[in-house]
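Full structure from sequences and hints, please.
Protein chains: 2
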Amino acid sequence: MHSYTEENYLKAVFNLSAIKGEANVNELSRLLEIKMPTVNSMMKRLAEKGLIVYESYKPVRLTAKGEKAAALIIRKHRLTEMFLVEKMDFGWDEVHDIAEQIEHVQSPDFFAKMDELLGFPKLDPHGSPIPDKNGKMEWTEYHKLNECKPGDTVVFKAVIHSSDDFLKFLNARQLRLGTVIKVKSVESFDGTMTVEYSKRAPEMLSQLVCDRILVAPKKK
Amino acid sequence: MHSYTEENYLKAVFNLSAIKGEANVNELSRLLEIKMPTVNSMMKRLAEKGLIVYESYKPVRLTAKGEKAAALIIRKHRLTEMFLVEKMDFGWDEVHDIAEQIEHVQSPDFFAKMDELLGFPKLDPHGSPIPDKNGKMEWTEYHKLNECKPGDTVVFKAVIHSSDDFLKFLNARQLRLGTVIKVKSVESFDGTMTVEYSKRAPEMLSQLVCDRILVAPKKK
DNA sequence: ATAATAAGTTAGATTGCTCTAACAAAAATA
DNA sequence: TATTTTTGTTAGAGCAATCTAACTTATTAT
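Line by line, the protein sequences give chains P and R. Residues in the first sequence are numbered consecutively from 1, following our numbering. Residues in the second sequence are numbered consecutively from 1, following our numbering.
It is worth saying that the hints were derived from the structure and are not from the lab. Any given hint could turn out to be false.
[Claimed, not checked] Covered by chain R, according to a simulated footprint, are these stretches of chain P (three or more residues, beta-carbon under 8 Å): (1) 86-94; (2) 110-118.
[To be verified] Keeping only pairs whose Cα atoms sit at most 27 Å apart, straight-line, the calculated BS3-like set for lysine-lysine is: (3) Lys68(R) x Lys87(P); (4) Lys68(R) x Lys122(R); (5) Lys49(R) x Lys35(R); (6) Lys144(P) x Lys218(P); (7) Lys68(R) x Lys44(R); (8) Lys133(R) x Lys87(P); (9) Lys113(P) x Lys87(R); (10) Lys182(P) x Lys133(P); (11) Lys113(P) x Lys113(R); (12) Lys133(P) x Lys87(R); (13) Lys87(P) x Lys44(R); (14) Lys87(R) x Lys87(P); (15) Lys122(R) x Lys113(P).
In this text, all values refer to a predicted model and were calculated from it rather than measured experimentally. Quick reminder that beta carbons are idealized off the backbone N, C-alpha and C, glycines included.
This is the structure:
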């Protein structure tokens, strides 16, 4: 239906929109590593196809149709990541690039089978929600580790902006989803946190790191 | 390294060459459903890249380099088919189109993992050999069911030119790899064979069918 | 051997996706 | 507010992969 290329643009718009509800050409250009004029003309194409709303000099937004199309690609991506981790023994830091390719496979049966073999998972290996077959997706209300105060005890629920490097960083510190983290102190100057988890010596995490870790209060 | 498109041409040349050692533009054109002039110009491109030998008005041949490149794509295709059948419960008649897409995935790790999880298989679900990591492949010396004589007892070893339709035809008759087939009679007029297998009533198979079934003598 | 048919080639156009260079609008800064 | 910087757009070119139309060579049939 849509080309490999169009799918990638759509996904990029979706990912950028996730934060602000809209995406601008400049950021898309950086994200996709494609020059602005190229992105610009593709935006017009996507607009003609009714996938996004485009107005000159304004950020673009996904239409309902575009949102659904994008979510269904994300669905394939996240199901694939889950499959690679759960059924093929890959690490959560090894699956992104492979999923990036397999997400473009056209075969409803293939992804339906993955879904079934995985027991219809709701989350991917990084804690992100997997959109359903209709492209519906909901984020559980997590908050950033950053926002926690000394004394808080929370559970590591998801990673945002998860690059392979960042995931390897977490691996090296045995930080994984489900880990219970106790916030010992927060350096007010630069936001560095001292935390404790898994019966190890306290660990210091920079603000940059804490900004990418999503947590939920530990249930009693 | 090579584009998606180039990979498909290479594979087509490989498949056609399997029989005659060379491939002509006309047949490639039919096989790929791409018009002759397009095929022609792509042949020149592949020749420039040192993947095939091209001379005007002559059939093309793969170079050693081209042969290896093609075999490595076939390897990915057949490993994928095997994975889909063995690890994902697909039927042998459902895997071709999916494998056709996944064979283009660039990730040595992904296919190495498949290979490992499958226990380093030598054959795909249709009995075709899986080329090794160096692109080396060898066909065991099977012969066609067509060539058998009344009284022969043989084992079904592989399917050639296996379209999904043909595989469904075999499914409907419970003919699968490993089935022991007894040749009862051969109609000299049109080559139709009457065969017996799996304690069922004798079955009649047309010459067209018998030409696509590879067998080996049953060992005592 | 000649004519007819099939196969292969050349030329030129089209579409998708990319680029650079130049220009215009919007936002930030002085 | 005026200037500078950033962001966005237009114009025009290039390459990969495709096509159709016209032509040439090879093969087959008469």
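Cross-check of the supplied hints:
1. 86-94: Result for this restraint: holds, n = 5.
2. 110-118: holds (count 4)
3. Lys68(R) x Lys87(P): With a Cα-Cα distance of about 30 Å, the restraint between lysine 68(R) and lysine 87(P) is violated, given a limit of 27 Å.
4. Lys68(R) x Lys122(R): Judged against 27 Å, a Cα distance of about 17 Å means the pair holds.
5. Lys49(R) x Lys35(R): 22 Å, holds
6. Lys144(P) x Lys218(P): 14 Å, holds
7. Lys68(R) x Lys44(R): Holds, at roughly 19 Å.
8. Lys133(R) x Lys87(P): Answer holds: lysine 133(R) to lysine 87(P) is near 23 Å, not above 27 Å.
9. Lys113(P) x Lys87(R): Answer holds: lysine 113(P) to lysine 87(R) is near 11 Å, not above 27 Å.
10. Lys182(P) x Lys133(P): 37 Å, violated
11. Lys113(P) x Lys113(R): 19 Å, holds
12. Lys133(P) x Lys87(R): 23 Å, holds
13. Lys87(P) x Lys44(R): Between lysine 87(P) and lysine 44(R) the Cα gap is close to 43 Å, so the pair fails against 27 Å, i.e. violated.
14. Lys87(R) x Lys87(P): OK: lysine 87(R) and lysine 87(P) at ~9 Å, within 27 Å.
15. Lys122(R) x Lys113(P): 25 Å, holds
Violated hints for the displayed structure, listed by number in ascending order: 3, 10 and 13.
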